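Colleague: So you can see what is in the structure, the chains are spelled out below.
Protein chains: 2
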Amino acid sequence: MSTVTLTVTGMTCGHCAASVREEVSSIDGVTGVDVDVSSGRLTIDSVRELDAQVIRNAVEEAGYQLAG
Amino acid sequence: MSTVTLTVTGMTCGHCAASVREEVSSIDGVTGVDVDVSSGRLTIDSVRELDAQVIRNAVEEAGYQLAG
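These protein sequences, in sequence, are chains X and Z.
Counting along the first sequence from 1, when you hit position 35 you're at 35 in UniProt numbering, and nothing is skipped either side.
Counting along the second sequence from 1, when you hit position 52 you're at 52 in UniProt numbering, and nothing is skipped either side.
The following block holds chain X by itself, in its conformation from the complex:
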């Protein structure tokens, strides 16, 4: 099991959070996703450590960016 916490920029509402959650949840190996709109915090639980680029791609697919 692995947990990673990242910051997403550009989310403004619950619809935005749902879009990010949906895309990240579809990554192979992901078992849980938590998104906090106000802070931009994205927490991902997975069965193994995830490739950073795969996460970035999923967030961008949803229409947002990872900070940093």
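Hints were generated in silico from the structure; no laboratory data involved.
Keep in mind that this is a model prediction, so the values were computed, not measured.
We put the beta carbon where it would ideally sit given N, CA and C, even for glycine.
Honestly, I wouldn't trust all of these hints.
[Stated by the list, open to error] Have a look at the derived ranges for each label pair, beta carbon to beta carbon:
hint, chain 1, residue 1, chain 2, residue 2, range
1, Z, G68, X, T43, 32 to 42 Å
2, Z, D51, X, T43, 38 to 48 Å
3, Z, G14, X, G32, 42 to 52 Å
4, Z, D36, X, L66, 43 to 53 Å
Go by the hints and put chain Z onto chain X.
Modeller: Quick look at chain Z alone, frame taken from chain X:
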């Protein structure tokens, strides 16, 4: 034909606009809906004058409020 312009409060992004557009489009007689997120402006074209409460209900169903 009738056109009415109202102001919706609480929309923050394109997802919000899409929710409002979807609900208002489903009102019987509506032929066109335009939503501008930044101003909150909602413009509705319809085959006849619409009942104000019906519009209000649709906006609230989407999760937002009409101003005033």
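Colleague: Look at each hint and say if it fits the structure.
Modeller: Outcome of the hint check:
Remark: the range hint 32 to 42 Å for G68 of chain Z to T43 of chain X is upheld by a beta-carbon distance near 40 Å. Separated by about 45 Å at the C-beta atoms, D51 of chain Z and T43 of chain X satisfy the suggested range of 38 to 48 Å. For the pair G14 of chain Z and G32 of chain X, the supplied restraint of 42 to 52 Å is violated, since their beta-carbon distance comes to about 27 Å. Between D36 of chain Z and L66 of chain X, the C-beta spacing of about 29 Å breaks the proposed range 43 to 53 Å.
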